[in-house]
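Turn these sequences into a full structure, and let the hints steer you where they fit.
Given next are the chains, with one letter for each unit.
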Amino acid sequence: MTKERLELLSDDVIKSLAKKVGVRIKLDWDRCQIINSIIDVMDEDREEKESLLNLAVSIESKKYAVTIDEELDLSYDFDEEMVLPDRYNENMVKFLLRDNTWGFILWDINDAQYQNYVNQFGELNIILRVNELKNGIFSKESIIDFFDIEVEKKERRRYVNLPHEESYYFVEVILSTEFKEITINRSNVVKTSRDHVNYALNDNGKIKSIVELSGFEFKDLSKRRGRNFNRILPFDTIGEDE
Amino acid sequence: MKAIQDSKGLLSFILHAHLPFVRHPEYEKFLEEKWLFEAISETYLPLLRTFKKLENDGIDFKLTISFSPTLTEMLVDPFLQDRYLDHLKSLIELSEKELIRTKDSPEEFVMATLYHDLYKTNYEDYTEIYNKDITQGFKYYFNKGNLLLITSAATHAFLPHFSNYPEVIRAQIITAVDSFRRVFSIRPEGIWLPECGYFPGLESFLKEADLKFFISSAHGVMYADDIPEKGVFAPVQCKNGVTVFPREKESCKDIWSPVDGYPGDIVYREFYRDIGFDLPIEYVRPYIQPDDVRVNTGFKYYAISGSEEKNYYKPKTAEKKIDEHVGNFLYNRENMIKKVETIFTDRPVLFTCPYDAELFGHWWFEGPKFIEKLLVAVDKSENITFCTPMDYINTFPENQSVNLNYSSWGDEGYGQVWLDGSNDWIYRHLFKIIEMMIELTERYPDVTGLKRRALDQAAREVLLALASDWPLIMKSGTTVPYAIKRVKTHILNFHKIYDSLCENLVKTEWLTKLEKKNNLFKDINYLVFQKI
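If you read the sequences in order, they're chains G and X.
The numbering used here numbers the first residue of the first sequence as 1 and each following residue consecutively.
The numbering used here numbers the first residue of the second sequence as 1 and each following residue consecutively.
Please note that the accuracy of each hint is not assured.
DSSO-like mimics (lysine-lysine), calculated; alpha carbons at most 30 angstroms apart, straight line [to be verified]:
#, chain 1, residue 1, chain 2, residue 2
1, X, K488, G, K15
2, G, K134, X, K488
3, X, K432, G, K140
4, X, K488, G, K20
5, X, K2, X, K29
6, X, K29, X, K485
7, G, K19, X, K488
8, X, K29, G, K154
9, G, K94, X, K239
10, X, K249, G, K191
11, X, K53, X, K432
12, G, K206, X, K338
13, X, K249, G, K206
14, G, K191, X, K212
Stretch by stretch, here's where chain X covers chain G in the computed footprint (C-beta under 8 angstroms, at least three residues) [as the list claims (entries may be wrong)]:
#, stretch
15, 32-40
16, 119-129
17, 204-212
Cβ pair distances, simulated, as ranges [to be verified]:
#, chain 1, residue 1, chain 2, residue 2, range
18, G, I144, X, K513, 49 to 57 angstroms
19, G, N204, X, S401, 34 to 42 angstroms
20, G, W29, X, K513, 23 to 31 angstroms
21, X, K253, G, V21, 31 to 39 angstroms
22, G, N204, X, N131, 56 to 64 angstroms
23, G, I137, X, S401, 39 to 47 angstroms
None of these hints come from the bench; they were simulated from the model.
Note that the coordinates shown come from a computational prediction; the quantities given were computed from them, not determined experimentally.
Just so it is clear, CB atoms sit at the ideal spot from N, CA and C, and this is done for glycine as well.
Structure below.
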């Protein structure tokens, strides 16, 4: 958003925009100070976004840069009001690998079925059970570990930290009471990836050299083994605007 | 040209040309269509002129270009071709005004003349040489053996995020191959995986489509189960024989690094200073968006300069710098060859150097000239020669077999860019329409007439919604409202078609309008989404 463009907007729109970008307007501020604050906040935001992007992606995003006005919405008249439902009221769970140790869970529970269970068993907790498997094929016998995350009824997506690289995981959506667990759905299996060169004990000096010439560092893997934690790092997405 | 096996080093320069499908006939002027117009003016036509010059000078160069199907579908679309001509006419008009405005400022006048010549030449080339279809220019150099043309996924979806749906992976690849064949009349031999996004198992879909190779991020290969013995300086093979060319990091850094990458040199042209923002609104009004929304016009007069105070751009100074950078680029590769030769000498050292095509010309104004001078210098080099991935495979068909790692060329090397708090809301809806599309193929295994048209359009809408551009834009913060609207529009279009089919009430007029608007992949068959 350029300063010139902001100056064309009415006071009300300026104030509303300031609120949207998180500027707290002080009582003694004039219009010019509000505009300057908006510009500052948007510049900071842009710098932060740019710093999060690596070279490939930031170059790639340059081709979309026909304007420097990032939030420009020219309000093209789309034929219909474009409102997507928050959910599809179905039993579902999907598990995506975001990076080598973080997964993303999307889930939903059908309202009628949920209510049915509430009528039968009373108050229910919703649990996401993250199971670790020996291999990529699901069977109860191949589960080697699991941990639970209790979630709110209104939640439907969450990022989870997966404790081990190169391991298999799937997620179950479970309704639980003190005495009973009902598995509503089970996700696909994902495999966390390796985030290092796979050195073998007998690797010779040539391998180390070619790895380094390829732009990768030699890392002593024996020091890495202690870093895995069987716990969830909090990363709650509730309340984020879509 | 030296034989590949006799050379010490091989330079495999790969340009990935891609833009999302943006076509809005319902508007007189549409801002985001400028993505295409600027890329044609500043990248694709200048590249074709570079090739022409090399041809005239007798340089038998080799280069690989991947064209995403959404881009080629736009390049051959008569409506967008005419719009591009209108856009060019407008720029020529502005350049004529600029010649008058800058006549008393010699430094600006040099640039105004340069832009005037650029747009006039673009107009002549576009209409007279290529008859508005520049894909034919690239095909000409393919036929001559200078260019290897390859494809990408149909709508540039980030494939790892859809790995749960093999139907999507197959639909993206088969549709891409079909589109490529329709545009270039040849079958692609390789593919650019969007964002270099790879997940284990993807190679089976590539093999099925008879694609022989793809480009990978360096760590996708280097983190494989077995360490590649030749590092990133030779390709590897998936277990099913599909060849993988890893990106060589140093050569990419020379060009990409924001700190010391060549495009950031202070004598090169500044991208962000444009008369669309700098000159009085009355003057630029006809060349910007309605309602006086200022946008880039392409007329930029300043050099990067390295400070707030900008110096005028001097083309001759920039040209000298290009020579310097080409020399430095080859010097760095030759140094690397010497180091790698201490590890292996049974094959030449391969440098796979992939870049976004639009970096050259659009973002880095001097980029096409850099490529021209680089190709000339490689032609003269005693140690380095050109090589495309297929040249390499034909010379060295056997390569180390490995299991690759999940990877991309995005931030941190995985899927974070296309899945974070800014864009993760799209996936619930995308997965839903994918499942509904698969369901439609089961419900209607063989239909004709209006229902068939509706189903084919439904498939197009699903593919368009999956483009990696939309979550990338949401994450990177440029034109976010447009990206959100595009995702929502395609999802809602799909739902409307689905509901119409369920009610057995497809509205011909509405469907025809949609077919005319989102008119890519003419020969698509909705059964491409058939359950696997």
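| request: Return the numbers of the hints above that this structure violates; sort them in rising order. | output: 2, 5, 8, 11, 15, 16, 19, 20 and 23
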